[in-house]
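Peer 1: Chains D and G supply the protein sequences, listed in that same order.
If you use this note's numbering, the first sequence corresponds to residues 184 to 739, in order.
If you use this note's numbering, the second sequence corresponds to residues 184 to 739, in order.
It cannot be assumed that every hint is accurate.
[As the list claims (entries may be wrong)] Think about it this way: if two alpha-carbon atoms lie no more than 27 Å apart in a straight line, the pair counts; the simulated BS3-like pairs of lysine-lysine are: (1) G:536 x D:421; (2) D:380 x G:536; (3) G:336 x D:661; (4) D:380 x G:670.
[Claimed, not checked] Not everything, but these chain D residues come out facing chain G in the computed CB check (under 8 Å): (5) 323; (6) 326; (7) 335; (8) 362; (9) 686; (10) 690; (11) 708.
For the record, the hints were derived by calculation from the structure and aren't laboratory data.
We put the beta carbon where it would ideally sit given N, CA and C, even for glycine.
2 protein chains.
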Amino acid sequence: MEEFNTERLGRLTGMLKRRGVILPAFEIHGGAAGLYDFGPVGGRLRNRVNQTWIDHWQSLGNIVEISCPTITPYSVLEASGHVGEFSDYLTECSECGEASRADHLVEDIHPNADTLSKDELSKLIEEHNPQCPACGASDWGEIEAQNLMFNTKIGAGLSGRQGFLRPETAQGMFTSFTSIYRHFRERLPFGAIQTGKGYRNEISPRQGMIRLREFNMAELEYFIDPEIAPIHDFSLWKNPVTLIADDGGEVVMTLEKAVDNGVIRHPTVGYFMGWTMDFLLSVGINPSFLRFRQHESTEMAHYAQDCWDAEILGSYGWIECVGIAHRGCYDLTAHEEATGQRLRAWRTFDEPKVVEIDGWTTDGAKAGPAFRSLAGKVNQFVEGLPSDSSFPLSQNIEGTDLQILPEHVKRVQRTENVNGEWFVPHVVEPAFGIDRIIWHLLDHSYTETEKSGEDYAYLSLPEVIAPVDVTVLPLFEKDGMDLLAQKIHRDLCSRKNIFSVYDASGSIGKRYARADEIGVPWCITVDHESLSDNTVTLRNRDSGEQTRVSIDDLPF
Amino acid sequence: MEEFNTERLGRLTGMLKRRGVILPAFEIHGGAAGLYDFGPVGGRLRNRVNQTWIDHWQSLGNIVEISCPTITPYSVLEASGHVGEFSDYLTECSECGEASRADHLVEDIHPNADTLSKDELSKLIEEHNPQCPACGASDWGEIEAQNLMFNTKIGAGLSGRQGFLRPETAQGMFTSFTSIYRHFRERLPFGAIQTGKGYRNEISPRQGMIRLREFNMAELEYFIDPEIAPIHDFSLWKNPVTLIADDGGEVVMTLEKAVDNGVIRHPTVGYFMGWTMDFLLSVGINPSFLRFRQHESTEMAHYAQDCWDAEILGSYGWIECVGIAHRGCYDLTAHEEATGQRLRAWRTFDEPKVVEIDGWTTDGAKAGPAFRSLAGKVNQFVEGLPSDSSFPLSQNIEGTDLQILPEHVKRVQRTENVNGEWFVPHVVEPAFGIDRIIWHLLDHSYTETEKSGEDYAYLSLPEVIAPVDVTVLPLFEKDGMDLLAQKIHRDLCSRKNIFSVYDASGSIGKRYARADEIGVPWCITVDHESLSDNTVTLRNRDSGEQTRVSIDDLPF
């Protein structure tokens with residue numbers, strides 16, 4: 184592993200583009216900032232990393248995959264807080280009209296510019312008068328909060344309604360809570376995962392794959408009963424981990440110790456940090472370039488109880504690639520309040536509790552005819568009133584203004600045995616940026632060396648995510664070597680989870696190099712001998728070792 | 184297989200919702216027409232059908248997966264023709280303002296209302312004055328073409344630009360052509376596939392999963408040299424297939440014969456019809472309910488040379504689920520013309536051709552200093568001029584207006600050996616609607632029967648796409664049976680491509696029924712005996728057969 188630097192970054196980016204791994208989207212049409220393609224090599228890489236992530240969490244045994252639309256009605260994202268809160272501060276250059284993020288303009292002046300308030304940003308820009316990155320002028324308009332969601336309209340004409348492209352997949356898990364709860368036979372804890380596109384209309388996208396306008400997300404929402412102490416097996420992670428706690432100090436300790444010490448404030452957060460680490464290492468992240476950083480209280484959403492980022496070091500410095508947050512009951516409560524639907528789980532008491540009821544109920548004989556289809560709702564409302572309520576009482580129920588008269592109600596005093604109660608589950612959420620992880624595993628796998636005095640670069644990708652499993656090379660395209668090689672190639676492609684590339688042009692050395700460059704773990708060479716004895720040369724990418732094996736014994 | 188009818192459709196839809204297979208999205212927020220969730224059971228079903236499709240095409244050996252953004256700049260979809268052509272005729276009710284598709288209003292009056300022109304629709308609506316489906320009035324506004332793409336704005340402020348959500352994944356394959364061509368070492372034929380979301384802002388979505396605003400697509404763009412006759416092995420499909428040719432007649436014959444007879448007009452179209460059929464049957468489509476229908480010339484895009492739909496019969500009648508079109512050179516040419524970039528392949532002649540060149544070239548000594556960095560482009564332009572051109576000549580090259588004077592050019596006459604030529608490949612495109620296919624495989628798998636005198640329904644899903652592979656059931660949750668069952672369950676979940684569900688409540692019979700209802704192929708029951716001899720009961724969904732096997736010999 185060499186040091187990260189700008190020249191190496193340029194060579195890596197060039198290779199990824201040339202070989203069809205990752206490349207700017209719509210480039211023949213002039214491109215579009217913040218949008219990338221996974222090309223003919225990268226497409227399968229993306230798919231495999233994504234599927235490895237799904238398999239990883241499903242192996243826990245109480246996690247299911249769901250898939251929700253990306254187009255989301257206004258009301259859903261209003262309830263979640265995104266309509267009000269999901270924004271950056273923007274200012275426009277009075278000279279050229281180009282929009283810039285206010286914090287980007289002063290990031291050389293302030294170490295944490297993205298945490299500053301609107302007033303603080305205004306003051307700094309006024310004092311330092313930074314140049315416009317587009318035209319060089321220094322004349323800025325008012326700073327305004329710009330919502331970062333992509334807008335669209337669902338439907339046409341007068342019946343059309345406002346919607347957004349989802350900024351995260353998480354809301355789908357919250358709005359589907361009832362269905363997931365039913366699937367798990369109403370037993371906590373359980374989780375739901377979703378992978379797919381998320382969208383963020385960045386004001387000025389930068390840093391290649393790090394800050395995209397459309398990105399591949401993967402999120403788990405794990406629902407727990409806050410009154411039951413979780414039991415997790417931390418013996419899986421014996422090696423100490425680098426942790427930057429919110430007091431700023433870097434400590435190296437096991438996850439178990441960090442949970443016991445209270446550095447990590449909830450055991451399930453710590454447990455998922457371990458599972459996150461396992462996933463990242465399995466897809467090729469170098470453990471020396473991984474750390475966990477705790478959010479400071481000012482940085483964390485107001486409802487979050489603890490939050491840790493998995494940060495990965497690469498060509499762009501330390502970058503947040505995963506966030507693992509304890510979100511309390513915030514999300515389900517927000518959707519409950521917005522919709523009036525119950526998003527709760529039932530907790531059975533160890534022993535039934537005796538509850539004194541002193542209050543009101545409806546008199547069915549009078550209330551039934553008076554309120555008809557709403558009588559049930561009125562009864563629910565009246566039974567929830569305190570004992571000192573007085574009647575008549577006006578109330579809007581389901582959009583209808585009702586008068587509840589003394590004759591409709593009765594006073595009740597009684598005791599009841601209560602077996603349990605409804606409560607809002609808490610949520611622990613590991614949220615992954617798949618593109619950032621793919622970028623970093625490429626960055627960590629990319630190795631520059633020399634071979635026979637020439638520059639030589641390869642990707643040391645783990646087999647589980649290598650976009651091409653094997654390359655099949657006929658020594659020459661004649662005498663039947665090409666036909667045999669093609670037969671082997673097609674046979675390999677038809678096997679489950681195996682993808683082969685047939686490469687016939689150039690010297691064998693050049694073709695090995697081409698395979699190494701995109702991280703193909705194995706090469707198979709078909710030569711004259713193959714035609715007579717049914718054997719081929721099998722070459723390993725990492726060791727360079729070549730062995731002669733029968734075609735029937737290929738290890739795929 | 185029973186007959187499709189409305190009552191059965193209601194029971195199936197209810198089961199799919201109750202069990203978390205497919206359900207209306209955002210329902211707690213009042214829902215949104217044309218948007219569906221794949222729930223805790225359906226999520227993995229969607230994933231498996233999608234991945235089976237990818238594996239199916241990759242097994243051909245010359246097909247790669249790519250992944251492009253869904254947000255697409257205006258210029259790309261202007262070039263493809265979608266900005267101009269992708270629309271439905273809409274009219275608004277003058278009473279309530281609700282928008283309706285004009286062809287939907289007259290579909291009871293005309294058998295092919297969706298093929299009618301604007302004038303024809305206007306005339307029919309004026310004559311028959313249909314009622315508004317929303318308010319019942321009969322007073323319609325002007326008919327207007329409504330573009331069906333979802334609009335959005337990429338970026339903020341003055342630097343923002345118009346974009347759309349992609350109506351299909353295909354354009355990504357065309358704009359990436361150069362990268363795919365390079366990947367295949369510049370050798371045709373080859374293909375690129377993409378799966379992911381497509382969007383269509385339907386005016387009035389109907390028919391559940393059939394007409395969605397956001398859907399799962401899967402498309403292959405296969406690039407061929409039109410001058411090379413393709414060779415395909417049709418012996419794979421010995422059984423005759425139901426074909427409705429564009430002369431209206433239904434014929435039953437093998438694909439090979441249909442290609443030989445010219446009923447199917449291009450061999451590659453016929454070959455992909457076979458591959459399409461294989462895929463559909465592998466995921467559970469009933470072959471008796473599958474047919475291929477050829478587009479009539481009026482129905483087909485003007486550039487298409489032949490187009491066949493795979494239609495599947497289910498609760499909504501015969502529905503188009505796959506389109507297999509020969510698109511000629513239309514798409515690549517359209518992007519070439521819009522961008523000025525070359526999207527071509529090189530064809531080497533069998534023997535070099537001698538070509539007479541009579542025309543112009545630049546005089547480097549004069550043109551070099553005059554045009555500097557543009558001199559190369561000017562030379563290219565001048566060499567492309569016909570021999571009867573005259574100078575001076577004005578030309579805009581790369582945005583600069585240039586005067587090409589007589590002194591800048593020289594007359595040339597010479598012969599040259601030409602080894603080959605650039606040409607625009609033709610494209611054959613199989614395009615799949617994954618949601619429609621999932622709907623139909625559920626519809627075909629859903630079987631209603633009786634068991635012990637009670638209604639009993641199950642899904643006879645193929646194992647390869649069953650969303651749950653196995654259910655593990657402790658006979659009772661005590662004496663360690665629950666712990667052993669959980670251990671088996673977690674162990675199965677950690678195996679690649681295996682997903683298990685743990686179900687502990689209710690009688691064993693009820694739990695078998697619950698597993699059958701969502702098509703789980705296998706159930707494992709842990710009982711008292713299991714604790715002593717390490718065996719379990721393995722039950723097969725379709726045969727109902729129960730066998731006693733050792734835990735170490737489970738067939739997963």
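Peer 1: If a hint holds in the structure, say so; if it doesn't, say that too.
Peer 2: Consistency of the hints with the structure:
no. : hint          : result
1   : G:536 x D:421 : violated, 71 Å
2   : D:380 x G:536 : violated, 51 Å
3   : G:336 x D:661 : violated, 55 Å
4   : D:380 x G:670 : violated, 35 Å
5   : 323           : violated, 12 Å
6   : 326           : violated, 12 Å
7   : 335           : holds, 5 Å
8   : 362           : holds, 5 Å
9   : 686           : holds, 7 Å
10  : 690           : violated, 14 Å
11  : 708           : violated, 17 Å
Consistency with the previously given hints fails for numbers 1, 2, 3, 4, 5, 6, 10, 11, ordered from lowest to highest.
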